[in-house]
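So you can see what is in the structure, the chains are spelled out below.
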Amino acid sequence: MEKRPIIIDTDPGCDDFFAIMMAAAYEGFDIRAITTVAGNAVVDVTTRNALDIAKLLGIKTRIAKGAGSAMMHPFDEPAAFVHGLNGIGQVVLPRSEQKVDEMKAWDVIYDEACKADGQLELIPVGPLTNVAIALLKYPDLKDKIKRITIMGGSTTIGNCLPYSEANIFHDPYAAHLVFTSGIPLVMAGLDITLTALVPTDDIMKMSEDIKNKAVRDTVVQLAKIRGNEPFHDVVAVASVIKEDIAEYKDYNVEIEYKSPLTYGRTIVDTTFTTGKAPNCRVMTGYNVEAHKTMFADMMRKY
Amino acid sequence: MNRIPVMIDCDPGHDDAIALIMALASDKLDVRCITTVAGNNTLENTTKNCLKVLTVLGKEHDVPVAMGLDHPMFKPLRISKSVHGESGMDGPVVPDPVVKPVDMNAVQLMEKVVRESEERVTIVPIGPLTNVGTFLLANPDLKPKIERICLMGGSSLIGNSGSATAEFNIFQDAEAANVVFSSGIPIVMHDIESTRKAFVEEKDIEELRGMNHVGKFVAELMDFFTLYSKQHNLTFSIHDACAVSWLIDPSIFISTFANVTVDIVGEKTYGCTVTDFRANSTLPKNTEVVLNVHRERFVQLLKDCVKQYSK
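Chains as they are written, first to last, in our numbering: chain A, 1 to 302; chain B, 303 to 613.
Please note that a few of the clues may not be correct.
[As the list claims (entries may be wrong)] Ranges between beta-carbon positions, derived for each pair:
no., chain 1, residue 1, chain 2, residue 2, range
1, A, 293, B, 583, 33 to 43 Å
2, A, 293, B, 598, 25 to 35 Å
3, A, 288, B, 508, 41 to 51 Å
4, A, 180, B, 366, 24 to 34 Å
5, B, 486, A, 243, 48 to 58 Å
If you're looking for bench data, these hints aren't it; they were derived computationally from the structure.
In this text, a Cβ means the ideal position worked out from N, Cα and C, and glycines have one as well.
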């Protein structure tokens with residue numbers, strides 16, 4: 001079977017760790033690069049984490065550093081209360097000797113898109129800044145990307161604001177560029193990822209199947225720190241691996257980036273009020289049992 | 303039991319007319335005044351339609367009607383004739399009313415009613431909030447005399463009238479809505495998603511038609527009003543009647559308390575009633591947000607109200 005070329009754009013991040021872990025455990029993927037962005041921590045820290053996570057999980061790929069702040073404003077305080085000061089709950093990973101790629105994240109995205117001959121899929125699970133900069137710098141990029149599956153946004157409830165989810169909230173201008181790019185989009189929104197809970201006790205039990213001690217220790221630590229919170233980013237990766245794990249509907253989605261009340265809201269026109277054509281396949285349901293099975297299977301790969 | 307003193311601010315409007323019919327039939331409510339506002343149509347037409355309704359009910363001398371503001375606070379009036387027709391209440395043929403509005407504007411009449419009332423008064427806005435917002439700006443001292451504001455309008459998750467985030471009444475005058483929602487007065491919000499669930503079926507319309515002259519009037523209103531619903535695959539909802547029905551019998555509705563803030567600057571979310579459903583929200587829960595309607599009981603209440611006119 002030919003492997004599917006993907007790039008994970010990420011800001012690790014506890015749930016980013018599990019998203020990368022799931023992608024790496026899947027034989028059907030050829031991870032062409034991991035690109036990093038500021039989000040759960042400053043970009044130097046998320047990049048350090050990406051390098052160390054790749055070493056821990058045995059991923060051999062380019063790791064490229066991306067944007068240190070959102071497009072239109074300086075980097076906000078990291079969500080330290082969610083992810084710990086180093087982005088991954090103060091868990092210390094074995095240090096990787098791998099060097100960061102000489103190219104920037106957006107250049108790597110373009111470079112790999114050209115090499116992949118239209119087959120490259122992006123899985124951004126952090127703010128969309130890198131993808132947006134790539135689209136601005138390389139106007140022809142939009143015709144070279146097969147699909148972008150985003151963890152971000154929400155059809156209903158938000159976390160940063162009543163309707164606004166963190167990844168989009170951190171850079172709604174970037175999100176606007178991505179959502180208007182014309183590239184086929186899939187949105188795994190917060191309203192859906194909130195349902196994808198694997199209880200900590202289950203993860204502890206599953207982790208007994210991990211043979212690699214260093215991986216097992218990290219999984220146990222992260223699961224404990226995180227408590228019974230869903231690993232949102234994993235949903236995006238899981239749905240790229242196993243598309244029928246979710247239900248989807250095609251809707252028009254727009255990003256609000258002017259109002260302080262709705263800054264970063266993904267406006268999903270579920271009632272087709274605007275008459276605007278759908279631009280996004282929005283996740284509307286999720287098979288949590290299948291998700292748990294994928295989680296357990298993933299552990300056995302290490 | 304004491305009847306609840308209410309002031310209805312409206313822009314008839316087919317569903318406004320039915321709301322008025324219910325309010326004036328119920329022995330739970332004491333309609334102290336009706337004020338008109340530009341919204342579904344021009345102020346001139348909404349006022350004329352309001353007086354027509356009262357005339358059909360034979361109550362044109364019972365309740366004072368005052369004309370309000372003829373355009374939103376910060377922009378010109380933009381009306382759409384696709385829902386309510388040229389006159390704003392197309393359908394039933396009713397002669398032009400003889401009775402005239404009182405010689406005061408809407409805000410003055412509301413002030414008079416509230417000042418003269420011994421009990422606190424409930425405001426029932428079922429059009430854009432221009433009059434009510436102006437009343438509150440002009441009378442901060444009267445806020446303690448307002449029991450609550452039970453309104454039709456808003457959109458916690460969906461919009462209408464071409465906006466995916468805003469509902470028509472709020473979209474028409476979001477600035478006025480902002481005054482109302484930030485007033486500190488308890489608010490009951492019948493948003494567009496909940497009012498869509500308050501619908502009648504063809505058989506209900508036919509039952510009403512045969513009931514009495516008011517039932518016939520209601521059916522003729524619905525004959526026209528449902529044309530738009532049919533075209534757009536929508537239910538035959540009587541949005542504005544929800545606000546009145548809630549005051550008559552709140553147990554017909556299911557609701558939750560949340561913070562609601564009106565967006566007046568958004569590019570795509572102007573007029574959205576931003577509703578904070580987050581469990582960890584720390585914002586004051588200023589609004590009772592209606593989520594669902596016991597539809598059959600709502601329809602029964604409508605029929606019971608119309609039956610009152612047989613006496």
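Which numbered hints does this structure break?
Numbers 2, 4, in rising order.
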